[in-house]
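A.B. asks: To convert a position in the sequence shown, counted from 1, into our numbering, add 73.
Think of the hints as simulated: they come from the structure by calculation, not from any bench. Since this is a predicted model, take the numbers as computed values, not measurements. We put the CB at the ideal spot given by N, CA and C, even for glycine. Watch out, some of these pointers could steer you wrong.
The calculated label-pair distances, taken between Cβ atoms and stated as ranges, are [as the list claims (entries may be wrong)]:
(1) MET74 x ASP119: 49 to 59 Å
(2) ILE108 x SER206: 18 to 28 Å
(3) LYS77 x ASP119: 46 to 56 Å
(4) MET203 x VAL79: 54 to 64 Å
(5) LEU114 x VAL79: 38 to 48 Å
Capping the alpha-carbon separation at 30 Å, the derived lysine-lysine pairs in BS3-like fashion look like this [claimed, not checked]:
(6) LYS200 x LYS89
(7) LYS154 x LYS89
(8) LYS89 x LYS122
(9) LYS77 x LYS89
(10) LYS122 x LYS200
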Amino acid sequence: MDYKDVDQNIAGGMRKWGIPAIRISFAIIFFWFGILKPFGLSAAEDLLKATVAWLPFGETDVWLAVIGWWEVIIGITFLFKYTTRIAIALLLLQMIGTFMPLVFLPEVTFQNGNYLLPTLEGQYIIKNVMIISAALIVGGTFFKSKKNP
74 MDYKDVDQNI AGGMRKWGIP AIRISFAIIF FWFGILKPFG LSAAEDLLKA
124 TVAWLPFGET DVWLAVIGWW EVIIGITFLF KYTTRIAIAL LLLQMIGTFM
174 PLVFLPEVTF QNGNYLLPTL EGQYIIKNVM IISAALIVGG TFFKSKKNP
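Take these sequences, add in the hints, and give me the full structure.
C.D. replies: The following block contains the structure:
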């Protein structure tokens, strides 16, 4: 067995387990981080409340609970292949709100107004680009293109 065979075996395992691993990771992250919010236990609570404070309706505590339960639903729907499309749609909608602090709270998300120096909160938000990318990969597995003969 040469290195190419080893590479092929590893790649085959990655193909087999990659998408399920992403779905399970999403389920864990969204359920865990989401369930903390309605109970006032999230480290992101202050940032979230500051982000939604400008909304003309609803109290910040209500928004905290709504967003938390939304994330719990995202997590649960990622657990099942047949609800993954729903999970991806909910995730993409949630991500719009996730990026709002970069626009509405730059003093919190960037150091000294420098958009090249994100704070820890800014980094927490910006890493969601990877979550969106992973969701696109998972979503892309639902439809296989027909190859021309």
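A.B. asks: Hints the structure violates: just list their numbers, smallest first.
C.D. replies: When the structure is compared with the hints, numbers 4 and 8 turn out to be violated.
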